[in-house]
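Let chain A serve as the given structure and place chain B on it in line with the hints.
There are 2 protein chains.
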Amino acid sequence: MENKKLVEAITSMEVDFAKWYTDIVKKAGLMDYSGVRGCMVIEPYGFAIWENIQSILDEKFKKLGHENVSMPMFIPESLLQKEKDHVEGFAPEVAWVTHGGNEKLQERLCVRPTSETLFCDYYSRVVHSWRDLPKLYNQWCSVVRWEKTTRPFLRSVEFHWQEGHTVHETAEEAKEETQRMINLYADFCENELAIPVIKGKKTDKEKFAGALETYTIEALMHDGKALQSGTSHYFGDGFAKAYDITFQDRDNKIRYPHQTSWGLSTRIIGGIIMSHGDNSGLVLPPAIAPIQVIIIPIAMHKQGVLDKAKELKNRLENICRVKIDETDQTPGWKFSQYEMKGVPLRLEIGPKDIEKQQCVIVRRDNREKTFVNLCDLEEKIPILLDSVREGMYNKALDRRESMTYSAQNMEELKSIANSKEGFIKAMWCGDKKCEELIKEEVGLSSRCIPFKQEQISKACVCCGKESGKMVYWGKAY
Amino acid sequence: MENKKLVEAITSMEVDFAKWYTDIVKKAGLMDYSGVRGCMVIEPYGFAIWENIQSILDEKFKKLGHENVSMPMFIPESLLQKEKDHVEGFAPEVAWVTHGGNEKLQERLCVRPTSETLFCDYYSRVVHSWRDLPKLYNQWCSVVRWEKTTRPFLRSVEFHWQEGHTVHETAEEAKEETQRMINLYADFCENELAIPVIKGKKTDKEKFAGALETYTIEALMHDGKALQSGTSHYFGDGFAKAYDITFQDRDNKIRYPHQTSWGLSTRIIGGIIMSHGDNSGLVLPPAIAPIQVIIIPIAMHKQGVLDKAKELKNRLENICRVKIDETDQTPGWKFSQYEMKGVPLRLEIGPKDIEKQQCVIVRRDNREKTFVNLCDLEEKIPILLDSVREGMYNKALDRRESMTYSAQNMEELKSIANSKEGFIKAMWCGDKKCEELIKEEVGLSSRCIPFKQEQISKACVCCGKESGKMVYWGKAY
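As they're listed, the protein sequences go chains A and B. In terms of numbering that gives the first Met the number 0, the first sequence opens at residue 0 and continues consecutively. In terms of numbering that gives the first Met the number 0, the second sequence opens at residue 0 and continues consecutively.
You can trust all of the hints, since none of them are fake.
In silico SDA-like pairs for lysine to any residue, Cα to Cα no more than 25 angstroms straight-line:
(1) Lys-62(A) / Lys-307(B)
(2) Lys-62(B) / Ile-55(A)
(3) Lys-322(B) / Asp-57(A)
A few chain B residues that don't get close to chain A, going by computed Cβ distances all over 10 angstroms:
(4) His-221
(5) Met-299
(6) Ile-382
Pairwise CB distance ranges (calculated):
(7) Glu-171(B) / Lys-301(A): 32 to 42 angstroms
(8) Leu-436(B) / Glu-50(A): 44 to 54 angstroms
(9) Gly-467(B) / Ala-8(A): 53 to 63 angstroms
(10) Glu-400(A) / Glu-316(B): 40 to 50 angstroms
(11) Lys-240(B) / Ile-55(A): 38 to 48 angstroms
(12) Tyr-32(B) / Glu-411(A): 57 to 67 angstroms
(13) Lys-59(B) / Leu-396(A): 38 to 48 angstroms
(14) Asp-243(B) / Ile-55(A): 36 to 46 angstroms
Calculated from the structure, these hints are not laboratory results. All C-beta atoms, glycine included, are put in the ideal place defined by N, C-alpha and C.
Excised from the complex, chain A in its bound form (with noise of 0.2 angstroms):
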């Protein structure tokens, strides 16, 4: 009964693809709507997901030699402006703070809706010399974004995530550090997150505000759309000069430093639900699910299964997350509560079972039911997490390659674009007025220009040019 309550619970994704999302992102427990517009409460589960991607991603860029920092979460509004493209882009829509308890400030202060002002600032005072480069500096935070119109990690008005703040010598080394991390961020979702994505380049209307070079990782979305999943910028020495930040280099002479910066976001969370979800919920990439083995004992009060349950527990425990419910609800709804919080293994065991010195292991993302000898547990456990993700993975790179579709011209693109949902790979001149045309008339933005070219046609998709550039079309998140 409570078992099919709580599956009943969920909109199919068929039904309504934004409510299912919201009934996950709620009754698989990642989090809780509060009192200020659009600002989430991450509930434990969810949170457990993001320390889990923060643990992974900081390894991974220490190992590179960044450190991370902290900078103030306040930028006086003249520090804001001193870049123009920055603050075009930013100012309207940040939150600006004009009172300290009683009294008016003479300076607004806005809460950082990203901190390459204050990281500018902190580098004019610092660098000095070429011995002082690079710095390779990180911060895990949130900031703030006025947004008008939010949804849970997809869009909120404060959000988690890690800003890299790099500064180098030469425009060679900052491209190389642009590079590497768009590289790291691909490599961490195509590996850890099972997760597929589209690296390349922004075109100018869709790069970040100041940048001279914007690289992303697009993913699609079970409904077609693409998740802008993590960017790295390349500033040139745009920054340093408006920011006064000069160095002596190897020649004693003074120059202007070239600069970073990427970020990765809890937004990623929303990825990982509609890439992977299903209509019993949250599918779980093993790499950063709280609970990687859910143990659940059949038959719980006859004599021995508690036992042999928590033996298994104790012994899992040294190469895995494991949990046991021995709670007193039905082994029915324990299985769709699990289902529901993605858990990538669920491990039955009862008293038939342990007569048979076995366990059932039953995988989330393709329900494949395994026996397993008790004595091979330690083995076959990494084993089959292992193939979890590997399923996860093939299964979402099948579906965004038969949701891939190519256009030659502005009437097939429309003719898709009107009927199927998904990526559609077209040629582009280069012309910001094609671009603006193809989304005025198709509704289709820019997502990226490939590292990986393909020659769809000869010619722009839009106005016939010759055309060298194949883009990938799409709706975004």
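Showing chain B alone in chain A's frame:
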């Protein structure tokens, strides 16, 4: 030469204690000032200390069943105002957000100074039955208090901390939690940070705004001032009533739950500096030192030295946080540099050492030099690190004891306060008037009513009434 320059650059603590402190935070690379009054840039070395503190505490919290969550950084004014004592305590020192983008907000939002109100609002929505209890939540974040006078780490407008917020079925359980957490903080300070602390209860005058009881740990700094280093609050059901948190108990009756909160902040980094530092710089307890062993190659360009140093580093990496300094600076400059940074152990290795298959290890805390056979390194380093911890603790404890006095009456109290710096133990009748008079006439505040009571005299130090309570009095940061 450079060596000397570096050492001369720190003001001696006997000359100007405040200057000595700020010299260390700057020169050890812990922080830099930002463009926003009272907000710090925490630099990599300083932030790495905080990361180590976080990781130790987080593990302890989780072992006790606490889970991490994330609450919004904003509190609507109406929500802040629901608990009368709490708002009175905090409203005068909050930062107010009044505009989002270009629009004036209908209701002001304050940047959280602490998050009781947000947790209560959340609990009022998710706590329904005794089955939902306890909730043992914690968050790592930064908070803002609009302080007039600020000092790095000790008192800043924005600071990092963790704040635990728990809700329980019974008053007893909540009281136990309050005690458990103050004990956890005390053990952490004494065992990991080598800082001896006095555990006790705050007087009503000094307790947290909205709490029924506040427990504190108080440490004594080099200059004889006290530092409140962690607090744990018992709220009873006061917040539950103000925020309408109710649950159905085991007898199906609707009741108010009982709550606690507890926090420890980056302020403790100030405590580490002022407990252990000396005129050569920082002295870091091994448990939280970003570098535990620094390897300095001597006569670095002689054949085999650098290779041997690297070999030792590779071996030690498995048992401690180790670095090697292969820069072109002189060994003397490096010695000073890592003394300034408070690295617990310095390992010197040169051609003569290699010949004898040994190295020199110098402790930062007492400069004791040991020759260690290279084959014994893995065994000796952990023992030496533990000796450093023990040595630091004993030194700090001896200092505190030599700076702790007793007073039987106001005359004695004044005379000690005028001539000495430190803690003064004296009896107190419990009357707020006496506490205020001591503050007014002697300039001392009550630090705590220690759990470990002593009978200094039979009467209140101020009014002479019979009294059973011994209080620690002092000047505080």
